[in-house]
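J.: Residue strings, one per chain:
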Amino acid sequence: MCPITVMPEGSEVTVARVTGGGEASKRLSELGLVPGVQVSVVQNGGGPLLLKVGDSRFALGQGMALKVFVDGAC
Amino acid sequence: MGYTVALTGNPNTGKTSLFNALTGSNQHVGNWPGVTVERKEGRFRMGDGEVKVVDLPGIYSLGAASLDEEIAADFLLRSRPDLAIVVADGSNLERSLYLAVQMLETGTPLVLALNMMDAAAEKGITIDVEKLSALLGIPVVPTVARRKEGIEDLKKRVLDELKNRTAPLNSFALPYGERLGPLFDEMEAFLTTKPELIPGLPARTAAVKFTEGDSVVLAAAESAGLLPALESILSGSGAAVESALGYDLQTAVIERRWGFVSGVTAEAVTRDLSLKTRLSLSDRIDRVVTSRTLGLPLFFLVTWAIFRLTYALGDPLVEIFGGLFESLGERSAGFLAAAGLSDVMVSFIQDGLIGGVGSVVVFFPHIFILFAFIAVLEDSGYMARGAFVMDRVMHLMGLHGKSFIPMLMGFGCNVPSMMATRILERPRDRMITLLILPFMSCSARLPVFVLFSGAFFGPHAGTAVFSLYILGIVVAVGAAKILGSTLFKGESSQLVMELPPYHIPSAGMVFRHAWERGFLFLQKAGTFILLSVVAVWALASLPWGVEYGSEESLVGSIGKVLAPLFQPAGFGFWQAAVALFFGFLAKEVVVGTFGALLGAGEAGLAAALPTLFTPLSAYAFLVMTLLYVPCVAAVAAFKRETGSWKWTFFMIAYTTLVGYGGAVLVYQGGRLLGLG
Ligand SMILES: Nc1nc2c(ncn2[C@@H]2O[C@H](COP(=O)(O)OP(=O)(O)OP(=O)(O)O)[C@@H](O)[C@H]2O)c(=O)[nH]1
Ligand SMILES: [Mg+2]
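Those protein sequences? They're chains A and B, same order as listed.
Taken in order, the first sequence gives residues 3 to 76; the numbers are from my numbering.
Taken in order, the second sequence gives residues 13 to 688; the numbers are from my numbering.
Keep in mind that a hint or two might mislead.
What the hints assert, rightly or not - Among chain B residues calculated to face chain A with C-beta under 10 Å, some are:
#, residue
1, S255
2, Y259
3, V265
4, D355
5, S479
No wet-lab data here; the hints were simulated from the structure.
Yeah, the Cβ is synthetic: ideal placement off N, Cα and C, and Gly gets one too.
Let the sequences and hints guide you as you build the complete structure.
T.: Written out as C-alpha cells, the structure is:
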C-alpha cells in the first residue's frame, strides 16, 4: 500500500483505503474514493493531483491526496 | 393548495438550468461546480396545481463541507420540502446516484430528473429508464435542460407524485449487509422508543446517519440527550463490526452505499464500448492545460489576452461613443438655449446628464466585452482549471485554489464574487478571501483607468492599465499573507474540487451573460450613477449665483476640506477629493464627477484633466482609486456575508489606508526617481 501521491502520471490504481477518519476522509469517500475503486492519475506534478474516478475528474490538493492509499508497492 | 419542491443534485448537473426551464426564471448558469450559492425560489402552474420550486446549491452528500452545501443540506433535512427533484447527470449516472440514495433514505418523496441525456448519448451511454425507476422505486424522467426537453413531462410527474402518491414513504431500505444490518437494527429499535431525532426522518436513517458521523444528526442526538446511549451501542456492537470488516464504520456505510449504487448502475446502464476511449478529449486537453510546466504560463497568457482584447476592442468604440456625446453636448446647448430653457436647465442637461452620466455610459462596450470573456471562461470549463493551476500559488499565501474562483470573478464585479466565497470550506479561508477581494480590479474601475491612461500615458496606456491589474493582485496576495499570519492564523483546508468537462461555449449563452451584465451597467448608470452625478451637479451649482463648478460652490468647499489630505499623494486639489468622495457610491462616479465638473465628452475630459494632474499624480490617483474602499454595494455584500459590522468597518478602514498609502508611496517614490 502506498499513498497515491507517489503514483506517476498515467497510472491506473485501485484504492486500498482512505486514512485519517474525520471530515476530510468522509468527503473523499463520498466522492467515490472507497476501497476497491479504480482511479487513473491524469496529472501529478508536485501541485494538486488530477484524478479520474469513473466519469468524473477531481482535483485533490497534496495534503488531501496523502490520505488516499492505493494497492501495490512503491 | 401550494406545494414546495426542492431541486437537488451534485454540483454542475444542471439544477439551475432545470429551474430556469421550469419556472421561466433567468438565474445564473455556468460550467463549474459552485455557481449557485444561495436558495432561489420560483413557481410553475400546471392545470390547477401550483408549485413553488426551490433551487439549491449543489451537494455531493447530505453531510455539508462548506456554507453553500450547508444551505442545501439544511433545507432538505430540516425544512422538508413536499418533494425533491434529484437532478442526475445522465452522462455520469453512478456519481449522481449516491446523493439520490441518501435522499431516498430520508423518506422524502422523490422524482429523479435524468439530465444531460444529450451528453450521455454522445458518450454512447444508454439508460434503461423503466428499470432504473423500478430499482429505485421512484419516477425517472429523462431531460435535456439546456434545450428545455422533458420539462413538461417532469412537471407532470412531479404533480402526479404530489397528488396521487400511493406507495408508502420510508419503504426504501438500503441493504447494508449482514454485519452493518444488525447494528442498525439495534440502534433503530432503541431510537423508535424515543421521539424522532429530526422530525420526519425515519429512525433507521437516523441510526445510519449517526453511525457515519453526520453533524446534523449528531447535534440532534446531543440535544435530545441520547448521545451516551447511542455511543455505547457503537462502542459495543459497532466496534465488533469494525474489527470484523477491517475498516471504520464510516467508511463501511459509505462503501455499502456505493456498492448499491454501482449495482443499480450496472443493471440500468449500457455503454457502447467502441465509443469509450481510454482518455476522453477533456482528459487530453487537461494533460496540457493543467500540466506543471505549461499550466500557469498558459493561464497567465489567457488572462492577459482577455484584458488586452477587452481594451483593444473597447477603446475604439468608446471614442465613437464619446464623440457622439460630445457633439450631442454641443448641439444641445444651442438647441436648448433656443428652446428658451433657463440657464440652470441647460447646465443640468449639459454638465450633469451629458457630461456626468454620458462620460460613464460610453464605457458600455468595455463592460460588455469583459463580461463576454468571463462568460467564455465559465462556460468552457476553464474557470475551474484556473483554480487548479493557481492552487500552488495560493498555498504560498496561505489559501488554496478554490479561493481563486471568487478572485477571478472579482474582475467582473466584487459583489457576486463575495457571495462566491461560500464555496470555501474553512471560515478562516473565507474571511481572508473576503478581505482581499476589494483589491481585485472590478469592471467599475475600468472607466477610470481608461480615461486617465488615455489622457496621460499615450502609447503606454495599455501597459499602465495592465500594471494596475497586477498591482491589485500583488496587494491582494500581500494582504492575504499578512492577514493569514496575524489575525487569521491556522491552516487553510485542502483543495477538493470536481473539474467539469470542457465544452465549446455557446454563443447564445455568452451573449446573454454579457448582455445581462451590460444591461445592469446601463441600469446603474441610469439610476445610481445618475443620482450621484445629479448630487454633484447640484452641489456644484449651489449656493445660487456662484460660478458652476468653482471653488466657491458647495462641492468646492467640501473638496477643499478634504484636499490637503491628498497633498502628499500629489492630487491635493478639491476636484480629486470630491471625485474620490463620491466614488464610494460607485467607482464609475469618479469619472462621472470629473465629467460633471470639467466638461462634456471623453475627449473634452481628456483635454481638461492635464490641467490638474501630472502623469505621476494621475498614476497615484489611479492607485488610490484601485485600492481604496470598494463601492457601497460591495460593502453591503461584505456585511451580508460576514454578518459583522466590526469586520465591515475594519475592511473599510484598512482598504482606505492601503489605497492612501499606495498612492503616497507611488507619488513620493516617483518624485525621488525624478519622474515628478
Ligand atoms: N449537455 C448538456 N449540458 C447541460 C444540460 N443542462 C445543463 N447543462 C450545462 O451544465 C452546466 C451546469 O449547469 P447549471 O444549471 O449551472 O448546473 P447546477 O447544477 O445549477 O450547478 P451548481 O449551481 O454549480 O450546483 C452549464 O454549462 C449548462 O449549460 C443538458 O441537459 N445537457
Ligand atoms: Mg446552480
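J.: Hint by hint, say whether it matches the structure.
T.: Consistency of the hints with the structure:
1. A least Cβ separation of about 15 Å between B:S255 and chain A goes past the 10 Å threshold, and the interface hint is therefore violated.
2. For the restraint placing B:Y259 at the interface with chain A, the shortest Cβ-Cβ distance is roughly 6 Å, inside the 10 Å limit, so the hint holds.
3. Because the smallest distance between the Cβ of B:V265 and any Cβ of chain A comes to about 9 Å, under 10 Å, the interface hint for this residue holds.
4. Evaluation of the B:D355 hint against chain A yields a violated restraint, the C-beta minimum of about 64 Å exceeding 10 Å.
5. The interface hint given for B:S479 is broken, as the beta carbon of that residue sits about 28 Å from the closest beta carbon of chain A, more than 10 Å.
Against the hints set out earlier in the document, violations occur for numbers 1, 4 and 5.
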